Structures are given as C-alpha cells and as structure tokens.
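Chains A and B are the protein sequences, given in the same order. Heads up: the first sequence is residues 1 to 100, going by this note's numbering. Heads up: the second sequence is residues 1001 to 1238, going by this note's numbering.
Treat the hints as calculated values from the structure; they're not laboratory data. In this text, all values refer to a predicted model and were calculated from it rather than measured experimentally. From the three backbone atoms N, C-alpha and C, an ideal C-beta is built for every residue, glycine too. Treat the hints with care, as some may be off.
Here are some, though not all, of the chain B residues that point toward chain A, as calculated from beta-carbon distances under 7 Å [said to hold, decoys possible]:
no.: 1; residue: F1025
no.: 2; residue: W1040
no.: 3; residue: A1085
no.: 4; residue: E1136
no.: 5; residue: V1140
no.: 6; residue: I1212
no.: 7; residue: I1225
no.: 8; residue: H1237
Derived DEER-like restraints, expressed as beta-carbon distance ranges [stated by the list, open to error]:
no.: 9; chain 1: B; residue 1: A1020; chain 2: A; residue 2: L61; range: 20 to 28 Å
no.: 10; chain 1: B; residue 1: R1201; chain 2: A; residue 2: L77; range: 29 to 37 Å
no.: 11; chain 1: A; residue 1: S93; chain 2: B; residue 2: L1021; range: 51 to 59 Å
no.: 12; chain 1: B; residue 1: R1105; chain 2: A; residue 2: M88; range: 15 to 23 Å
no.: 13; chain 1: A; residue 1: G18; chain 2: B; residue 2: I1108; range: 18 to 26 Å
no.: 14; chain 1: A; residue 1: S93; chain 2: B; residue 2: F1145; range: 26 to 34 Å
no.: 15; chain 1: B; residue 1: R1105; chain 2: A; residue 2: T89; range: 12 to 20 Å
no.: 16; chain 1: B; residue 1: H1155; chain 2: A; residue 2: L77; range: 34 to 42 Å
no.: 17; chain 1: B; residue 1: Q1030; chain 2: A; residue 2: L26; range: 17 to 25 Å
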Amino acid sequence: MHDHSKSSPLKTYFIVWGALLLGTFLTYEAALIDLGPFNPVVALAIATTKALLVALFFMHLKNASERLLKLVVASTLFFLMILLFLTMTDYISRPWTLTS
Amino acid sequence: MSDSQAVVPTSSHDDIHSPALRHHFATEEQQRDSSSLGMWIFLATEVMFFGGLFCAYLIYRHWYFGDFGAASKSINALLGGVNTAVLICSSLTVVLAIWAAQTARRGIMLAMLALTMLFGLTFLGIKGVEYKDKFEEHHVPGATFSFEKVPIPSHPDQYANPQHAQIFFALYFIMTGLHALHMVVGLGIFSWLFWAAWKGRFTPDYHTPLEIGGLYWHFVDIVWIYLFPLLYLIDRHP
C-alpha cells in the first residue's frame, strides 16, 4: 500500500558487499608487500573505508534523519580519537620504554 | 456488492494507528528514531570499551613491534581472512532480512535471519580451530606458554622476546575473545529475532527490533574489520 523505502536498496547493498569483500582481499594482499612504514597506514586506511561503508550503508547512517543521532556518532569518534591519539602522542614522544 | 463496502467507515489516514505505537510517542517515526538513538548511544559505550583494548594494543605494539610481528605471523592469517569474509556476508544477510521485512517477504526474512546465524556459527567454528592451534603450539599465555627461538620477521638474525610475545597473545585472546563473546550475544539476539519473525511480529510498518539487532551485528562486524589487520597482518611480507 505504501512504499516508504524510496527505491529498492538491494543494488546498493550488493555493491557495498562486493566492495567490502574486495577490501578484505586488498588488506590481505597489501600485507604481503613490503611498504615499510606504510604497511599499517594502508591496512588502517582500508579498514576505515570498510567501516565507513558498513556504517553509512548497512547501518543506514547515510539516510539518518535525526541530527541528534549524527551528533552521538560524531562525539563517539571524537572521544575515541582523544583516547587513542593523546595517549599515543605521549607514549611516542617520551623515552619511557620498558625495554631497557 | 458495493453496499457492503459502503458500510465500512471511510477513515482518514490519520485515524490509522499501528498497534506497535506506544502511548508516549507522537508518531511511529519518532518511536523508531528514539530506538535507534538509544542503540547508537549503547554502541558509543561499546566503542570506548573496545577502544581501551585497542589503546593498550597500540602502546605495546609501539614498544615491542618486532616481537608483535613475530607473534602475529604465527597466527593463521588465511583463517582470519576467511572469517572476515564470513562476517561481511552475515552483515549482508542482516540488511537483506530488514529489506525483506520492509517489503513483507516473510520467507526471505526468515531465510536471511537463519543465514546470519549460520554465518555467525561458522565464524565461531573457524575461531575455535584457530584457538585450538594456539593451544597446541603453547601460545596461550600462562604457565605452559612457550615462544622460544622465533625469528623477528624484519630482523631474521634476532629472536623474539617470549615475554613480549606473550603480551601480544594476551591481547589477541582478550580482544578476539571479547569479540567472540559479542558474537555469542549476537546469536542470542538473532535467535530471538528469528522466533519473533516466525511469530509474524515484524511487518513493513514495524520491524524496529530487526533494525536495532542489525545495528549491533554490524558494530561487531566493524570491530572485526579492525581486529583482522591489527592482529593477523602486522609484519607478513617476506
């Protein structure tokens, strides 16, 4: 009677699925190539792209109407970045390794 | 014939209320948005929960990169890769189940929910094989832990420090174990969703539990998307 799903999203879902599988394959292959310090950069870039695809299309963030929801997601990422980046800047820039 | 139809009161669209709409919500849309907002806030706490572990991982990886590389290389990366693909397929079946609910395709919805659980179980089975390997190789942290004379990938003339490798395996078991626990919880949620779908609870108008359960499942998928390269592929190149 009523169709509140705009057009059929099936095509999008399958394209995203294909992209995610491709990303998995690329991560694996990229890890076998020696890129020096860029190995983790490439791995994390692919992982983040995949995570974005899942969040935007599978978790429907792209079509989320509520601003409040977007604020929650953005602040989640913001606090995660505080946790990871501020901690790591400290650990990387000080000579307090336990190795010696 | 037309008489019988004329008896039915011609109600305006506004009078039709879904039985699923609770009193304290103005509209179905508001109710749906509130549910998904609540779930996203829960996921925010989950992000910080896993975030602490990722942070610990980053610090130790920074300190003991070579040892982490050696320990990471001992895990079967192919199994990890296959498991990533399995989880991605399960995420697809979740969105297909929701699509089926939206378009009133009951058979497809039930099949997709069942497939999701099957993929979830496959993931845990493969994980079990991986854990079994680690137990047999004595790579489980504890009294029987052994990681002697394993060369560091980028410095083949040096051996990894077993104590540092043990930290890697502790993080590996805690992070993948916590993730696997989330999978088990997810399987419980999807068993309930399957039962509710079987009972005909979900209609094109009301299928919020499917969407909320789906958000959880996709989140667990995203965690794995990061765990796979960080734990399995640290220093693999020849």
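Okay, the hints, checked on the actual structure:
| no. | hint | in the structure |
| --- | --- | --- |
| 1 | F1025 | violated, 14 Å |
| 2 | W1040 | holds, 5 Å |
| 3 | A1085 | holds, 6 Å |
| 4 | E1136 | violated, 24 Å |
| 5 | V1140 | violated, 23 Å |
| 6 | I1212 | violated, 11 Å |
| 7 | I1225 | holds, 5 Å |
| 8 | H1237 | holds, 4 Å |
| 9 | B:A1020 <-> A:L61: 20 to 28 Å | holds, 24 Å |
| 10 | B:R1201 <-> A:L77: 29 to 37 Å | holds, 34 Å |
| 11 | A:S93 <-> B:L1021: 51 to 59 Å | holds, 55 Å |
| 12 | B:R1105 <-> A:M88: 15 to 23 Å | violated, 48 Å |
| 13 | A:G18 <-> B:I1108: 18 to 26 Å | holds, 20 Å |
| 14 | A:S93 <-> B:F1145: 26 to 34 Å | holds, 32 Å |
| 15 | B:R1105 <-> A:T89: 12 to 20 Å | violated, 51 Å |
| 16 | B:H1155 <-> A:L77: 34 to 42 Å | holds, 36 Å |
| 17 | B:Q1030 <-> A:L26: 17 to 25 Å | violated, 41 Å |
Comparing the model with each numbered hint stated earlier shows that hints 1, 4, 5, 6, 12, 15, 17 do not hold.
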